[in-house]
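Chemist: Given next are the chains, with one letter for each unit.
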Amino acid sequence: MEERNENGIEVEIREHSDADFYPTMCPTCYTSDIRRHTYKVRFIQDLGGPRICRRVRYERVYFKCKNCGMIFTIEHSLIPISSKYMPGVIEYAISRILERGDSIRRVVRDLNELHHVEVSVVSVERWVNKHGRKEPISSDLSEEDPPDQFSGFISVDGTFKSVKTKKNDHDLEV
Amino acid sequence: MIATDSLHNKPIAGALVSSESEAETTFFLQTLKEWLPKPVKFMTIDFSSRIESGVKAVFPDVTIQKCIFHAIQLLLRGLVKELTRVKNERYLAHIKEWNQLRIISINLEKNENYELKLDLQFKDTVYAWNIYHGLRLCLIKRSPREIERNLSLSFSSSTFKVWKGNVTFLQKYENIFIKKNFKFSEKGLKYIIPKIYKAWRGAIRELRMKLETIKSQFSKIKYLILMNPENMKPYHGKRLKKYLKIFPWLRSYRKIIVMFYYQFRLPLKKRSSFQFLTKLLSEYSHPWLKSAISTLIENQEQVFQFKKIYDSNPKIKNVKSIKVVNEPINKALHQLFQTQNGMRTLENIRMRVSHRLKCPIFISPTTMERFKYQTKLLGS
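Quick note, the sequences are listed as chains V and L, same order.
Count the first sequence with this note's numbering and you get residues 1 to 174, in order.
Count the second sequence with this note's numbering and you get residues 1001 to 1380, in order.
It cannot be assumed that every hint is accurate.
[Unchecked claim] Below, in silico cross-link-like pairs of lysine-lysine (DSSO-like), each with a Cα-Cα straight-line distance of 27 Å or less:
no., chain 1, residue 1, chain 2, residue 2
1, L, Lys1033, L, Lys1269
2, V, Lys161, L, Lys1081
3, L, Lys1358, V, Lys130
4, L, Lys1056, V, Lys161
5, L, Lys1041, L, Lys1269
6, L, Lys1238, L, Lys1081
7, L, Lys1172, L, Lys1110
8, L, Lys1317, L, Lys1307
9, L, Lys1096, L, Lys1123
10, L, Lys1010, V, Lys161
11, L, Lys1320, L, Lys1010
12, L, Lys1195, L, Lys1179
13, L, Lys1117, L, Lys1141
14, V, Lys161, L, Lys1358
15, L, Lys1123, L, Lys1195
16, L, Lys1081, L, Lys1245
17, V, Lys161, L, Lys1033
18, L, Lys1183, L, Lys1198
19, L, Lys1245, L, Lys1210
20, L, Lys1038, L, Lys1245
21, V, Lys161, L, Lys1331
Keep in mind the hints are simulated off the structure, nothing from the lab.
Work the whole structure out from these sequences, hints included.
Modeler: The structure is reproduced here in structure tokens:
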């Protein structure tokens, strides 16, 4: 782990490499005659603190099979393919927005200012939509599982909220 | 609309409906009935008659509990309205009258032919106006000696001595001659007469300010007398005692409110009917209070239904959530809508609400139709 100080903020850089998980055989011909071909280094943003900026230096290694000439990569267990952010950052944003009901802009501001993760509102919006909006709109509960421990005592209440429709929203024109 | 498991205090399911109508409630409850694994035995609802009729249509055998939080809220809202009415009637109208006197007196001094329109309700404003009238009669005389004699005669009269503003007036009157050094003369009258009128206005201003202090004290006690004795801290009690000395007529209100709160703690057999609440009513009472009391009397059996359940199921005696609807859920929803600045698409609402409340949310066909129609209108 490397540490350096930039403008009073400690930058913590962890290193991960595909070479730590060196493949035992070629995925095509299953021979073990493999060599390291080339690599690409990518910096991935991780959740920091108000005074700590965390980054991951990820070395993506390309391997070559000496037997069939196939160039291949492996899937790192901690780092998703082509991701700019560690999974913890996405989980943090989603739990705050969907479970705690915070606004996207507030979470983005916190990520930028308090956790030193440079992210845009649109990216976070995309994460939220991907994780939250899965099921189509339904007008009954047939696809939902009923509660396991239902006591037979219920309370019913209503609350009034105004809902506006977006001009260019075509989701409902089905 | 949201249904909550009262014993586990967890939301079970929710629906986006276009209104809290009987049809929408019936649709929601019918869907819930088909989906739930066990029959519903007991249901807590608020005082909405539309929800009640929906419940009766879908679950005819269910025991209905009317939420006690809403019962208390209903009475307190009526009482707040009533006390505001009393405040307006007793204090605001009175303060307005004092202001009216001030304006009329200024206009009269500016213009002798000013058309006088006075309709005074309160005794002390009438009294103050009579004093002013007396002053005008004295000051109309031409000779300074005569004015001085008439004024001293009127100040020594019993009518003037009884007036509440006499001390302030006399102080200000004496200051004209001591501080400003004016004397009763032909020349001095030009300066003295306006100052005498000003002194009278100073005296009525003081009376009005006293009234304003009482009014602000009343605003403070208004909320203290509505408090549940169980939730009161020692300093609340001290303040309440202090203010009840100023407003002794509020004691009867407090007594009835305490009795009302006490009913919820008493065993079922010992509790008395809500009929005692009618003592709060008068001919002029606010319509909200009248309607609240009549609703409470009509629904009192259902308000105390939870006591029967507690008696029959001692295991759930400590479960408070069966006597109230889950209001924190509504709070969470309000907060959600506030942070999101409203929601624009049904998908978005469903996603956010279901994740926030951790329960499935469905949308009634009527709401869906309305949304489609609105989207088409906006798109065209």
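Chemist: Hint by hint, which ones does the structure fall short of?
Modeler: 1 and 20
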